[in-house]
Amino acid sequence: MRPVSIQLGELELDAEDQAILQSGILLRELQKMRVLIHKFRELDVCWAAEDTENSGDASALQ
1 MRPVSIQLGE LELDAEDQAI LQSGILLREL QKMRVLIHKF RELDVCWAAE
51 DTENSGDASA LQ
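Read in order, the letters of the sequence shown are residues 1 to 62 in my numbering.
Worth flagging that the hints you see were computed from the coordinates, not collected in a lab.
No experiment lies behind these values; they were computed from the predicted model shown.
Mixed in with the good hints there might be a few duds.
Claimed, not checked - Computed beta-carbon distance windows for the label pairs:
1) E16 to I37: 29 to 35 Å
2) L8 to K39: 28 to 34 Å
3) L21 to R41: 26 to 32 Å
4) E53 to Q7: 55 to 61 Å
5) L11 to E50: 49 to 55 Å
Claimed, not checked - Straight-line alpha carbon distances no greater than 20 Å define the calculated DMTMM-like cross-link-like pairs of lysine to aspartate or glutamate that follow:
6) K32 to E42
7) K39 to E50
8) K32 to E50
9) K39 to E29
10) K32 to D51
All residues carry an ideal CB built from backbone N, CA and C; glycine is no exception.
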């Protein structure tokens, strides 16, 4: 990953501070994605349970 020149107002960050800031932002975004993936997995389990329940109902009707 190539560092981007970051300037906050009059404060200009050196390469090390820029790398630390970028790593922190990347870590936060990865944590958000982890939470989102966990929510999708929970939904998938619920949908699978509903599908199983619905297929059982269909078998009982036949």
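- Message: Run through the hints listed earlier and report the numbers of any the structure violates, in increasing order.
- Response: 8 and 10
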